[in-house]
Amino acid sequence: MVGMTEVMIRTTLLPTDHSQEMIERLHTSTVPYAAFGDSHVESAIAARQDLDNFGVASDNFDTVAARIHVRLSGQPLKGVILQADPELFSVYRTTADQSLRVEELQRRGRPPLLAIMRPAYRPYIVRYFWAMLRTPSLLFGRRAEAPPKESTSVSVSERDAQIRAQLQVPSAQFQDGATSREYSRLVSRLTAAGVAVCMVSFPLSGPYRRATADLPPFAAAYDWFAGEARRLGVRYLDLRALYADSLFHDPDHLAHDLAVPFTATVMKECFAR
Amino acid sequence: MLFHDPIFVFAFLPISLGLYLLLSREAPLWAAMAALAIASLIFYGWWEPRYEFLLIGSIVVNYLFGRAITAAPRRKRLLTLAVAANLLALGVFKYAGFLAEIASSVTGSIIEIERPTLPLGISFFTFLQIAYLVDAYRGQTHDRSFGRYFLFVTFFPHLIAGPIVHHSELMPQFKRRISAIWEHLSVGSVIFVIGLFKKLVLAAQMGTWTDAFFGAAAGASPGFVESWLGALCFAFQIYFDFSAYSDMAVGLSRMFGIWLPVNFNSPYKATGIIEFWRRWHITLSRFLREYLYFPLGGNRKGRLRSYVNIMVVMLLAGLWHGAAWKFVLWGGIHGIYLLINHGWRELTSRKRFARLRFPAPVAVAVTFAATVVAWVPFRASDLAQSLAMLRGMCGLNGITLPAHYLATLGRAGETLAAAGVHFGVVPGYGGGVQLMWLTALLVFVWALPNTQELLAPYHPALGFEASGANGQWRRVLAWRPDPRLAAAIGLVAAFLSLRVLQGRPGEFIYFQF
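Which chain is which? The protein sequence lines are P and A, in order.
Be aware that the first sequence starts at 35, since it is given in the numbering used here, and climbs by one per residue.
Be aware that the second sequence starts at 906, since it is given in the numbering used here, and climbs by one per residue.
What the hints contain is simulated information worked out from the structure, not anything from laboratory work.
By construction, the Cβ of each residue, glycine as well, lies at the ideal position given by its N, Cα and C atoms.
A portion of the hints provided could be inaccurate.
[To be verified] So, partial list: chain P residues that the calculated Cβ filter (under 10 Å) puts toward chain A:
{"no.": "1", "residue": "S107"}
{"no.": "2", "residue": "Q109"}
{"no.": "3", "residue": "S124"}
{"no.": "4", "residue": "Y126"}
{"no.": "5", "residue": "T128"}
{"no.": "6", "residue": "L148"}
{"no.": "7", "residue": "Y162"}
{"no.": "8", "residue": "A165"}
Sequences and hints are given; from them, build the entire structure.
So, in structure tokens, the structure goes:
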């Protein structure tokens, strides 16, 4: 089983894996602007000549902060787009142990000999194995036939939005938690280093906004981001209601083909570029 | 090193086992035992080598005390000194910070003591040796070999988190050369794989959900649903975590041809709290009974005194689990449960109240619910969180169901809403999958035979006597040397090796004690 999973990772995942490149770029990039956050950033921001996208799905704030620290220790940065969404304070994110991801960021150089031991893959070995059982062709380097969904917009149901909101609700008293403290510290550190920070609340579908409208922790989180931006003297963009419902891939992810125009809007509003 | 660490499973275990078996066949017995002792020291020191000195020092001092107690005329004073020395060491490492905290709150001045890292397994090897000293005083220690005493304390399968073995159970086994190697290996490895499955699959999943529920409850007012789900998840997490550890310890030991005592015997099948404590952490209960409850007078000094003794023992049992008020509260709750159980048993033993006795399934359900409630302070991060969860379980924070259930339930949803049920966010709720898991685990702990029962014909552990329960299930599931069964277990083991490599399932809950 271990051997089969190793083969599957090598034939199916490694050929299209850019995580090592991203780590290398974090250490060496000379691009003046960079975006950081989770899948909201990863899918909605399009990298350009003047902008790196270091957003990675399911990153919690510890990992986001670690990426920023690595980038900051390299070539000078002019500006940072920093995600300002409530799920950063949700329990499932704050309790997630992503120390392997952080370890991988800091340890530059040759990855472990066995692909299954790479920090990017190791936490998911069992999932890969089940995926391989369901789709044996993965062993030979073929992905399932499904097209890349992210490029298509779908109709988002109220139910899906409610379930997603249930998962992403910020924890009670997140304002006093380690994540919010770290967030503020990081923004201060960036501004002290002369980096312009732009905090962005990413677009959400109507059903998701309706599902979260009556939930005080979400409102409190957005208020907190706005308040911190004011207090720390950085720009804050609340773009939750920027797009119509038909332009979303799921309750809280923009369809991927909107990444380029959305990035243009963000860069213009944040940095007048 | 943990039993589910890749380094343990893929390197330490095969090397130490191979070496031990080779030496057992080809070299004098002392060489095999010395190899086992050295392996145990490597196992212990892997985490924090400097505590090797503490462990070895404790063994040497206690062995010398034991010899002196056996030989000296004024032995009681020596015994008191020896036990005090052990408790002092335990106190310094485990309770100094807690005592400083109490002193601070009593005196109002800030007393701070730097809390040292708790040496792994100190509570276990201290109790193990106190029992040895008391037995030396009672004239019940006959084997004077230092080598066997050393191995009795350090033998790695029980060193970190029990079972709290008795010297008379283990030391005689070190005099025997291993025989029937293949039976030991097959029975031991099956038990180990069962334990690994419980830890890496069942306890790990429950742990994830427990963290979510309790994490969300911090500083919040959790509702009825999430409080009960959170408490249930933890009840299953600790059950499978400790059951897993006990299985792995027994299985590993058996691979070396050594039997450990049974430590875990389907505690959620208990029909009362008294029975629960005969099934949960059996060797700790035995220690507390023989070396604390009986010396306090047990039930020989009247009913009131026996009830006081029970409370004292349970409060100290709580404190043994950790230097915090929450553990004292947990012990206190169990003490009260035990008193109620004793009172109830006495009442229903009278003829005219006999009809009040619960039918067995009801008694099991009530005992289980009481246990789940008691786990809340054990898991909560502090007293405030415990109280918030307990209020939630009593319904004092209202009842909230996931928002999408309003539409799913249709008219019933509207009726519930009209009755005051709120539809919104239930933090930590994992949907139908979570409910199915919990239901399946309830069936697992209530209906299925346990590891010892499955392997009963092969005498898996010391002190286990198979009951007549689960007869049919046992006939179907019982382990026997059979190629098909071997293949199935091999497949499970191969799958678990993926989980081992995946890493980070967390340490055993009992390791922190």
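These are the hints, each one checked on the structure:
1. S107: violated (27 Å)
2. Q109: violated (33 Å)
3. S124: This interface hint holds because 9 Å falls under the 10 Å limit.
4. Y126: The hint holds - P:Y126 has a Cβ within 10 Å of chain A, the shortest such distance being about 6 Å.
5. T128: Holds, about 7 Å.
6. L148: holds (9 Å)
7. Y162: It holds, given that the least Cβ distance between P:Y162 and chain A is near 9 Å, below 10 Å.
8. A165: violated (13 Å)
Violated hints, in rising order: 1, 2, 8; the structure is consistent with all others.
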